[in-house]
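Residue numbers (the numbering used here), protein chains in the order written: chain A, 1 to 246; chain B, 1 to 149.
Hints are computed from structural coordinates only; laboratory data are not their basis.
Among the hints, a few may not be true.
Taking lysine-lysine pairs in the DSS-like style, the calculated list, with each CA pair at most 25 Å apart, reads [claimed, not checked]:
no.: 1; chain 1: B; residue 1: Lys-100; chain 2: A; residue 2: Lys-116
no.: 2; chain 1: B; residue 1: Lys-107; chain 2: A; residue 2: Lys-116
no.: 3; chain 1: B; residue 1: Lys-107; chain 2: A; residue 2: Lys-196
Covered by chain B, according to a simulated footprint, are these stretches of chain A (three or more residues, beta-carbon under 8 Å) [as the list claims (entries may be wrong)]:
no.: 4; region: 61 to 68
no.: 5; region: 100 to 113
no.: 6; region: 121 to 134
no.: 7; region: 178 to 184
no.: 8; region: 196 to 207
Predicted, not measured: the structure shown is a model, and the values here were computed from it.
A virtual CB, placed ideally from N, CA and C, is assigned to each residue, including glycine.
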Amino acid sequence: MSINWYKYASPASFYFLAGKMIWYFSIAAAVLLIAGLYIGFFVAPTDFQQGEAYRIIFIHVPVAWMSMFLYVVMAFWAGIGLAFNTRLSSMVATAIAPTGAMFTFLALWTGAWWGKPMWGAWWVWDARLTSELILLFLYIGFMSLQAAIDDPRRADKAGAIIALVGVVNIPIIYFSVQWWNTLHQGASVSITQSPKMATAMLAGMLIMSLAAWMYSIAMILKRTRAIILERERHTTWVAELKGTKR
Amino acid sequence: MKPRHKKIAIIAASVTALTISAILVLNVFQSNLVFFFSPSQVVAKEAPVGKSFRIGGLVEEGSLKRQGNSTTVSFAVTDTAEAIKVVYTGILPDLFKEGKGVVAQGKIANDGIFYADEVLAKHDENYMPPEAASALEQAAKAQKASLTQ
Numbered sequence: 001m002s003i004n005w006y007k008y009a010s011p012a013s014f015y016f017l018a019g020k021m022i023w024y025f026s027i028a029a030a031v032l033l034i035a036g037l038y039i040g041f042f043v044a045p046t047d048f049q050q051g052e053a054y055r056i057i058f059i060h061v062p063v064a065w066m067s068m069f070l071y072v073v074m075a076f077w078a079g080i081g082l083a084f085n086t087r088l089s090s091m092v093a094t095a096i097a098p099t100g101a102m103f104t105f106l107a108l109w110t111g112a113w114w115g116k117p118m119w120g121a122w123w124v125w126d127a128r129l130t131s132e133l134i135l136l137f138l139y140i141g142f143m144s145l146q147a148a149i150d151d152p153r154r155a156d157k158a159g160a161i162i163a164l165v166g167v168v169n170i171p172i173i174y175f176s177v178q179w180w181n182t183l184h185q186g187a188s189v190s191i192t193q194s195p196k197m198a199t200a201m202l203a204g205m206l207i208m209s210l211a212a213w214m215y216s217i218a219m220i221l222k223r224t225r226a227i228i229l230e231r232e233r234h235t236t237w238v239a240e241l242k243g244t245k246r
Numbered sequence: 001m002k003p004r005h006k007k008i009a010i011i012a013a014s015v016t017a018l019t020i021s022a023i024l025v026l027n028v029f030q031s032n033l034v035f036f037f038s039p040s041q042v043v044a045k046e047a048p049v050g051k052s053f054r055i056g057g058l059v060e061e062g063s064l065k066r067q068g069n070s071t072t073v074s075f076a077v078t079d080t081a082e083a084i085k086v087v088y089t090g091i092l093p094d095l096f097k098e099g100k101g102v103v104a105q106g107k108i109a110n111d112g113i114f115y116a117d118e119v120l121a122k123h124d125e126n127y128m129p130p131e132a133a134s135a136l137e138q139a140a141k142a143q144k145a146s147l148t149q
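All chains should be modelled from the sequences, with the hints used to inform the complete structure.
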């Protein structure tokens, strides 16, 4: 069976498909969040070094991963929109930015809460922390630039350029702890090495990451739907939608 | 507020945000890429002289001494090749321990002692329950014992 994927590149059909999918992803997010928090707070053992305070890892690491990953996805769709002039990809990129910015802010915030008891400082200007702060500015820059331009197609193009230029920051964030002396410790979980964590801790963290994924997908679909309605408000299908549903 | 004014305000805000981030990037690339210097670098005179900088390494085992009843402590920061004596007055972070990572900010005086005004603990990326940690420690000891035999 072949699926006609191009059909879903049309904002109208994507609108209805997304409307159905939001529910599945929202429910998955809620279930995984509860499971992840339960494992994180009740099943995972106390750490030999950091005691109970290390449990902030179950929020901090998933949101930090998500903040970087969403930026790459945002830049990808913005780039596709710029290159192929596909309206929907640019709308998705615009929809990703606020969620990405929220995760970046959470990563910085939970990091500060973790840094104070463990390192002895809320904030230090090391390469990892500074590059993550720059990521927040990139998201904010992308959103405010798009907000400043009235014509949505021009806003898409301008935003895509910021998004693509900013991608260079992602490997800097990820490898900063290897390239330079930082106060932030190295990666506990990476593709090339076996995890440096107890299994229950790792399970909690991975389930929380999945929850963050599901939440992001649901939020991005919802926001994309709102953007589609706003931009397509003069079309007949939106007018018909208004007639049928209140 | 007219739309035109709003637009100008938003553009000004984004330019400011981008400028601030550019300044931060340059600042990082200039000085803070090296968040701390190792004792070997300090001995090799790679660290700034007469200026405040950070030194990082492990707290040498058996080097931690408290001066009387005060909060002044002295310890040695080592990278296993070289060691620098550090003197600090203040409260140490919870994770500060002999044999563990530390980053101290301060200046080197003429007597070769590093006078710190801030001490931060640097922990590693290993997370495990205490039982596992003590089992690992036992295994390391057993291995050491068998090597010396």
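(message) Tell me the hint numbers this structure goes against, listed in increasing order.
(response) 3, 4, 5
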